Amino acid sequence: MVRLEELSDEDSVNSNQSADEENWNGFRRMKLNGHDHPLYLTGPGVFFSSCCTEIKGGSSDSYHCSWCDLHFHKECAESLHEINHPSHTRHPLTLLTHGVPDDSNIDMCRLCGGTFRKLIYHCSICEFSLDPACAHNPPPLTIDHPKGHEHILTLMPRLIFFICNACGMVGDRSPYVCPQCDFMVHKGCIYLPRVINVNRHHHRVSRSYFLGLGNWVCGVCRQKIDGKYGAYSCSVCPQYAVHSRCATRGDVWDGKELEDEPEEEIEDVEPFKVVGENLINHFTHEEHNLLFKEGGGITKGTIADESILCRACTLPIDLDSFYSCVDCDFILHYICANLPRKKRHVLHNQPLTLQTQIPYHKLYNGVFKCSACTEFSSGFSYIGCGIQLDLWFGSISEPFVHQGHPHPLFFTLPDPKTCGSCGLGYHKVLNCIECDFALCFPCAALPYEVRNQKYDRHPITLSFGEKASGIYWCDICETQVNPNIYFYTCEDCLCTLHVGCVHLRGFIHVSPGHKFAYVGYGFEMIPGNRINRPHCSSCYKLCIGSFLQSSDYDDMYACSLTCFYEFPEC
1 MVRLEELSDE DSVNSNQSAD EENWNGFRRM KLNGHDHPLY LTGPGVFFSS CCTEIKGGSS
61 DSYHCSWCDL HFHKECAESL HEINHPSHTR HPLTLLTHGV PDDSNIDMCR LCGGTFRKLI
121 YHCSICEFSL DPACAHNPPP LTIDHPKGHE HILTLMPRLI FFICNACGMV GDRSPYVCPQ
181 CDFMVHKGCI YLPRVINVNR HHHRVSRSYF LGLGNWVCGV CRQKIDGKYG AYSCSVCPQY
241 AVHSRCATRG DVWDGKELED EPEEEIEDVE PFKVVGENLI NHFTHEEHNL LFKEGGGITK
301 GTIADESILC RACTLPIDLD SFYSCVDCDF ILHYICANLP RKKRHVLHNQ PLTLQTQIPY
361 HKLYNGVFKC SACTEFSSGF SYIGCGIQLD LWFGSISEPF VHQGHPHPLF FTLPDPKTCG
421 SCGLGYHKVL NCIECDFALC FPCAALPYEV RNQKYDRHPI TLSFGEKASG IYWCDICETQ
481 VNPNIYFYTC EDCLCTLHVG CVHLRGFIHV SPGHKFAYVG YGFEMIPGNR INRPHCSSCY
541 KLCIGSFLQS SDYDDMYACS LTCFYEFPEC
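Quick note: the sequence shown uses UniProt numbering, first residue 1, plus one each step.
By construction, these hints were calculated from the structure, which means they are not laboratory data. Remember, it's a predicted structure, so these values are computed and weren't measured experimentally. It is possible that some hints are incorrect.
Stated by the list, open to error - Quick list of in silico lysine-lysine cross-link-like pairs, BS3-like style, CA-CA up to 27 Å: (1) 541 to 369; (2) 147 to 118; (3) 428 to 417; (4) 342 to 369; (5) 342 to 273; (6) 343 to 256; (7) 343 to 428; (8) 224 to 428; (9) 369 to 343; (10) 342 to 428; (11) 428 to 256; (12) 256 to 118; (13) 187 to 256; (14) 343 to 273; (15) 541 to 515; (16) 74 to 118; (17) 369 to 417; (18) 256 to 147; (19) 273 to 369; (20) 224 to 187; (21) 273 to 293; (22) 147 to 187.
Model the full assembly from the supplied sequences, consistent with the hints where possible.
Below, the structure is given as structure tokens:
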């Protein structure tokens with residue numbers, strides 16, 4: 001017999017057993033053939049079994065070997081030596097405790113395709129093997145699920161290559177079939193939801209087993225969809241479709257089945273009301289009206305006044321068109337004023353809401369940390385369940401067009417990749433489906449053209465790769481510029497600037513003069529210039545651009561977010 005044998009308290013366990021180990025004698029002890037020591041029945045816990053690949057927890061009991069510190073599920077340890085299984089009725093299946101036999105070509109479970117560990121149920125005549133989970137909990141031989149298919153589906157427990165009619169993916173074993181419809185499907189695809197929301201599209205999408213002929217492209221992975229198989233499509237947008245597997249990914253779908261649920265469209269409410277010619281009332285500033293002005297309307301001398309900041313994104317108005325309050329200093333970029341109040345975003349599978357107030361946080365008071373770039377901001381944000389994005393990241397949508405790359409970019413898969421701009425590795429990037437190029441979200445948020453009047457009166461533009469050749473030196477910090485990553489250049493003055501020196505990273509979204517608290521200490525953002533450049537208290541270099549000053553300690557400055565975190569008090 002290969003099954004466990006129950007031991008009595010009088011049985012000898014081990015001549016070298018210690019006094020502590022003798023205390024186990026009050027517990028039920030079992031002996032598993034193939035294992036050298038007795039196993040003791042213990043209480044519930046979460047662990048990896050030494051025999052199978054399942055993880056169980058909660059109230060499930062387990063067996064433990066105190067000598068080897070190995071755990072065994074109760075079901076695995078008490079497995080029968082021989083069973084009759086409904087998926088293989090011709091012969092009984094025998095329990096093996098040392099994995100697949102050396103002369104067998106089988107290395108995966110016939111039903112689920114999972115890899116084997118020590119325990120398997122095996123028929124040597126038919127080369128049929130099951131893992132303990134499928135052996136103890138056999139799948140149903142038939143499934144009657146009208147929402148998945150109009151006819152009863154029957155399990156075919158054999159190795160067979162097929163294309164699943166629900167997801168269009170290739171399978172290699174044990175499909176459920178409907179002979180009269182020539183229909184084959186993975187077990188997991190039978191219960192795919194009928195109607196769902198995906199974070200890439202504003203309308204609901206519905207499952208279909210046949211899209212029809214056409215040049216279908218998945219709205220998530222951007223790969224081709226074979227219209228002969230199942231996918232999700234939008235009834236409002238006739239060209240929008242998504243692979244079944246892509247639509248139901250955890251980072252795309254919120255897990256809710258919406259069939260028979262009332263339509264809950266994202267709030268299509270305009271962010272402002274038109275109250276007159278070039279005059280609006282914006283929901284973020286309802287007490288006064290805002291007047292539209294063309295780009296360049298705010299000037300100081302002959303160039304734009306860089307001290308005038310948008311209340312939403314906290315960046316200079318520069319030469320962009322904007323809305324200005326007729327009664328106070330409230331001002332918004334034209335683009336920021338038109339941002340939707342609710343939207344879906346590729347970084348979250350719940351709708352995000354435009355928030356004007358900064359929620360109180362036990363670490364931060366007066367600023368928030370963007371969930372995408374981890375930088376501080378004092379402006380507006382998009383907030384969802386557990387996520388808060390500054391306006392740069394909240395406004396990113398697909399396809400993302402950046403003038404620094406010739407092709408559109410998409411957030412296809414949450415796979416770690418190296419950013420083609422900064423050279424750093426990120427788990428979430430925007431991908432080019434035309435070439436092997438990835439762009440991290442912080443680099444994607446860099447504007448292609450910007451003015452920095454402290455150092456150059458002309459617009460400076462983003463340069464990268466083929467646009468750059470030779471040796472360049474930053475005109476601000478006077479160190480060498482790497483031409484293989486993004487940097488800014490002025491064609492009129494032939495100057496080059498590091499992205500960080502232009503100060504588009506770090507505290508760019510915290511407006512100068514803004515005061516906030518961090519872990520109980522006060523700080524103020526000080527606008528910087530060529531004259532007002534203190535030494536950073538962390539890196540000891542001269543601060544470039546705006547910087548943080550501690551309001552609790554004299555002569556404590558931080559030139560970047562990295563240096564700020566290295567403050568002794570933080």
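Verification of the hints:
1. Proximity of residue 541 to residue 369 is assessed by CA-CA distance (about 25 Å); at most 27 Å being required, the pair is judged to hold.
2. The suggested pairing of residue 147 with residue 118 is violated, with an alpha-carbon distance near 39 Å, which exceeds 27 Å.
3. A hinted pair counts as satisfied when its Cα atoms are at most 27 Å apart, and residue 428 with residue 417 qualifies at roughly 8 Å.
4. Restraint check: the Cα-Cα separation between residue 342 and residue 369 comes to about 20 Å, which is no more than 27 Å; the hinted pair holds.
5. Restraint check: the Cα-Cα separation between residue 342 and residue 273 comes to about 16 Å, which is no more than 27 Å; the hinted pair holds.
6. The hinted pair formed by residue 343 and residue 256 meets the criterion: a straight-line CA distance of about 18 Å does not exceed 27 Å.
7. For the proposed pair residue 343 and residue 428, the alpha carbon gap of about 20 Å is at most 27 Å, so the pair holds.
8. Among the hinted pairs, residue 224 with residue 428 is consistent with the structure: their alpha-carbon atoms are about 22 Å apart, no more than 27 Å.
9. Among the hinted pairs, residue 369 with residue 343 is consistent with the structure: their alpha-carbon atoms are about 20 Å apart, no more than 27 Å.
10. For the proposed pair residue 342 and residue 428, the alpha carbon gap of about 23 Å is at most 27 Å, so the pair holds.
11. Proximity of residue 428 to residue 256 is assessed by CA-CA distance (about 24 Å); at most 27 Å being required, the pair is judged to hold.
12. Distance check on the hinted pair: residue 256 and residue 118 sit about 38 Å apart at the alpha-carbon level, beyond 27 Å; violated.
13. For the hint linking residue 187 to residue 256, the alpha-carbon distance of about 20 Å falls within 27 Å, and the restraint holds.
14. At most 27 Å may separate the alpha-carbon atoms for a hinted pair to count; residue 343 and residue 273 meet this at roughly 19 Å.
15. Distance hint between residue 541 and residue 515 is fulfilled; the C-alpha atoms sit about 23 Å from each other, no more than 27 Å.
16. For the proposed pair residue 74 and residue 118, the alpha carbon gap of about 15 Å is at most 27 Å, so the pair holds.
17. For the hint linking residue 369 to residue 417, the alpha-carbon distance of about 23 Å falls within 27 Å, and the restraint holds.
18. Taken as a hint, the residue 256 and residue 147 pair is honoured in the structure, with Cα atoms around 16 Å apart against an allowance of 27 Å.
19. For the hint pairing residue 273 with residue 369, the CA-to-CA distance comes to about 31 Å; that exceeds 27 Å, so the pair is violated.
20. Distance restraint check for residue 224 and residue 187: the Cα-Cα separation of roughly 24 Å lies within the 27 Å cut-off, and the hinted pair is therefore satisfied.
21. Proposed proximity of residue 273 and residue 293 is supported: the alpha carbons are some 17 Å apart, at most 27 Å.
22. At most 27 Å may separate the alpha-carbon atoms for a hinted pair to count; residue 147 and residue 187 meet this at roughly 14 Å.
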